[in-house]
Amino acid sequence: MKTYLSLLIVLVLTAGISKSATPVTEEKAWTETYAVATTAAHLEVSNIWGSVRVRTGKSGEISVSVSEVRTAPDQERFEMSLERLNLDIEADSNGVSILVGDRNERWQRMDRCRGCRVDYQFEIVVPPNAVVDVGTVMDGLVDVRDVEGVVSASNVNGPISVDGIQNCDTISSVNGGVEIGFSQAPLRDCSIETINGDITLGVPANTSLDLTMDLFNGDIRSEFPVGPLAMPATVEHVVEDGRNQYRIQQLSGIRIGAGGPTYSIASINGDVRIQKN
Amino acid sequence: MNRFTFCAALALVILIGAATALAQQPQVINVPLSRPGDPIYLEISIMSARIEVIGEDREDAMFEVTVSDGQRKIVTPSGTQSLKGGGYSLEVEEDDNEISLDMDWRVNKVVVLARVPRHADVELSTVDDGEIIVSNLIGNLELYNTNGPITARNISGSVIAESINDTIDISFTSFDADNASSLETMNGDLLLGVPDGVGIRAYLDTANGEIYSDFEVEIDPSERIVEREDSEDGTSIYIESVIIAKINGGGPVVRMKSLHGDINIRKD
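From first to last, the protein sequence lines stand for chains V and C.
Mapped onto our numbering, the consecutive letters of the first sequence carry residue numbers 1 to 277.
Mapped onto our numbering, the consecutive letters of the second sequence carry residue numbers 1001 to 1268.
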């Protein structure tokens, strides 16, 4: 009897341990198409784990293909992740907005499901003239091609590749390189920054640009002849928590061609290359 | 144009060009104080800088900052070019009469001229290719310049000054009775200016230099200082033997220590 009792206890404990320690994984994929107006539709994607790829297709619709891999350390937290880590999609005729997590308390929800993870790989087809603002945080690439509207892209731990575009607004990464290629000379200002990575800017040979540089380490190379761009120092006065702060900042500047829109480039540890397409 | 005139003109053009390249227009920041009329605390720490602080009868602080062009280059089809402006940021913060000036380390060389109220405790530090100059202050000063000189004039209070490879030259108008002063360098001379009739008790220590004094000195019998420290790594024993010299009957302690430099006490 004593032996049987011991065996029963071991079985119960094993069952308990195996139940709590078995990771749970679920994979699924789907595609959804949203009708949008033919004028510049907006696409916004804010991913956490995984890549975001954007290509151009037909006018009047945005097609979103999603591959989802959901993992959790155990069944209980898997159920919790289903409640807390979902796609929050808003769509109307102006465009589509996709966020991973809750729109209002995104990071708080993620913190409450420790060890949970949902990888979303997005393949999105937008109208050629769409305005695109896409980003991810971990283990993914942000890749945008041939969009005629204004493009913004961000990544935290990974690269950004944007090619065949006409204008950008903000392109930023923390730990990853940034490659931007233009199909025509850009017409509006843009900010490009990374902390640890190279920045490669490819523009057509007839491009005229003003570039301001806020760089720490790394080389700068240009396939274009460059001229000096006078950058006067700026003095900013800020009152913060009763403290007076005065900041003087002076950037370096160069001019390509006759000058044009201002591209501000900031990097801590990376080279900057300006290339002719 | 004869040859001499041409050479002179060429030299002038080169000089003007060099001056333009080395220094940009100074930036001036006026900082109002939270408590005008009260003493201030000022901290400036920059890697490579000429820092000058002047005490004046004023109720704000004024900073004039000049930054030389950086060395950042850009490689272009026609060759390598310098990027003008260098790129830098500088921040001055005032909080309850405490002022700090910080700068990122991208710049080559910074020249800071600070005009502050006379009653000021000051901490200044620089490392490379720098110089520290202070004048007309009443307060406690801490001045650190690793590879350059430190000069202070018309100081009333105490001074802690440390350099490794250059001269320290401090002139007092009066000494703080409660706070000792200390001047220490490895490879430079130490110069101390003492007003006639003011008494100090000087602790003098130079391994390879001479000691000079404009004052008659009264040497106190001194005991060798021996400190022993036992730790897991072993035992270290520190021995210091100094000359204790009373000037004008003694007074606040001024410690002067150099390894390879002379010590000079002059009558101001």
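A hint or two may mislead.
A partial selection of chain V residues facing chain C, derived with a Cβ cut-off under 10 Å [claimed, not checked]: (1) 34; (2) 37; (3) 78; (4) 242; (5) 249.
Chain V regions said to be covered by chain C (calculated; three or more residues, Cβ under 8 Å) [to be verified]: (6) 192-203; (7) 217-225.
If you are wondering where the hints come from, they were derived from the structure by calculation, not from laboratory data.
Note that the Cβ used here is the ideal one computed from N, Cα and C, for glycine as well.
The hints, checked one at a time:
1. 34: violated, 44 Å
2. 37: Not OK, violated: residue 37(V) not within 10 Å of chain C, min 43 Å.
3. 78: Constraint on residue 78(V) not satisfied, violated at 47 Å.
4. 242: With Cβ-Cβ at 7 Å, under 10 Å, it holds.
5. 249: This interface hint holds because 4 Å falls under the 10 Å limit.
6. 192-203: With 0 residues in contact (Cβ-Cβ under 8 Å with chain C), the coverage given for the stretch 192-203 of chain V is violated.
7. 217-225: With 7 residues in contact (Cβ-Cβ under 8 Å with chain C), the coverage given for the stretch 217-225 of chain V holds.
Hint check: violations occur at hints 1, 2, 3, 6; the rest are consistent with the structure.
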